[in-house]
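Participant: 74 is the number that the UniProt record's numbering gives to position 74 of the sequence shown; each next residue is one higher, with no gaps.
Incorrect hints may have been included.
[Stated by the list, open to error] Within a straight-line C-alpha distance of at most 20 Å, the following computed SDA-like cross-link-like pairs (lysine to any residue) qualify:
(1) Lys36 to Glu74
(2) Lys36 to Pro105
(3) Lys36 to Asn49
[Unchecked claim] Label-pair distances were calculated between CB atoms; the ranges are:
(4) Glu88 to Arg116: 36 to 42 Å
(5) Arg102 to Asn49: 37 to 43 Å
(6) Ile55 to Thr94: 17 to 23 Å
(7) Arg31 to Thr10: 18 to 24 Å
(8) Glu32 to Leu6: 17 to 23 Å
Read the hints as simulated data drawn from the structure, not as lab findings. Note that beta-carbon positions come from the ideal geometry of N, C-alpha and C, so glycine has one too.
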Amino acid sequence: MGNDPLVNWTALAQARAELGANFGRILGYFREDGVKSVSQVEAAMRAQNAAALVIPAHTLKGEASQFGADTLAELAETIETIARDCVEQQETPTEALEHVVRLRPLFEATMTLLERDANPPVPRRPVGGFGRRPVTG
1 MGNDPLVNWT
11 ALAQARAELG
21 ANFGRILGYF
31 REDGVKSVSQ
41 VEAAMRAQNA
51 AALVIPAHTL
61 KGEASQFGAD
71 TLAELAETIE
81 TIARDCVEQQ
91 ETPTEALEHV
101 VRLRPLFEAT
111 MTLLERDANP
121 PVPRRPVGGF
131 GRRPVTG
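Use the sequences and the hints to build the structure in full.
Facilitator: Structure, rendered in structure tokens:
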């Protein structure tokens with residue numbers, strides 16, 4: 001987990017320290033908002049609407065950065081930049097397609113890592129003890 005390219009673990013640790021007991025709840029909000037932003041980006045791409053790409057990509061970029069999801073933030077920034085350029089030049093955002101296609105899988109992979117870190121698996125104790133037979137193998 002330490003040097004995964006999807007997550008800047010130092011930035012995530014800083015966010016965890018700053019958010020304290022609220023970290024898990026706010027990470028949940030990030031998932032909810034992120035799902036909405038990704039869906040909005042995909043819908044805007046299907047509609048070839050550059051202007052509609054800007055806000056959800058910008059939102060995702062900012063929220064991802066707060067949790068150290070640097071790769072996701074960079075991809076969202078790329079989409080946002082392409083969309084802004086297309087709005088200025090009054091073009092369709094076809095150049096953004098290859099990036100939009102990568103967005104949902106990257107978001108899901110990133111969330112898996114962030115949520116795994118936030119909720120590490122608890123080791124199970126061996127069955128046994130009062131009123132139970134020990135497990136033999």
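Participant: Each of the hints needs a verdict: does it hold here or not?
Facilitator: Verification of the hints:
no., hint, in the structure
1, Lys36 to Glu74, "holds (18 Å)"
2, Lys36 to Pro105, "holds (14 Å)"
3, Lys36 to Asn49, "holds (17 Å)"
4, Glu88 to Arg116: 36 to 42 Å, "holds (40 Å)"
5, Arg102 to Asn49: 37 to 43 Å, "violated (19 Å)"
6, Ile55 to Thr94: 17 to 23 Å, "holds (20 Å)"
7, Arg31 to Thr10: 18 to 24 Å, "holds (21 Å)"
8, Glu32 to Leu6: 17 to 23 Å, "holds (20 Å)"
Against the hints set out earlier in the document, a violation occurs for number 5 only.
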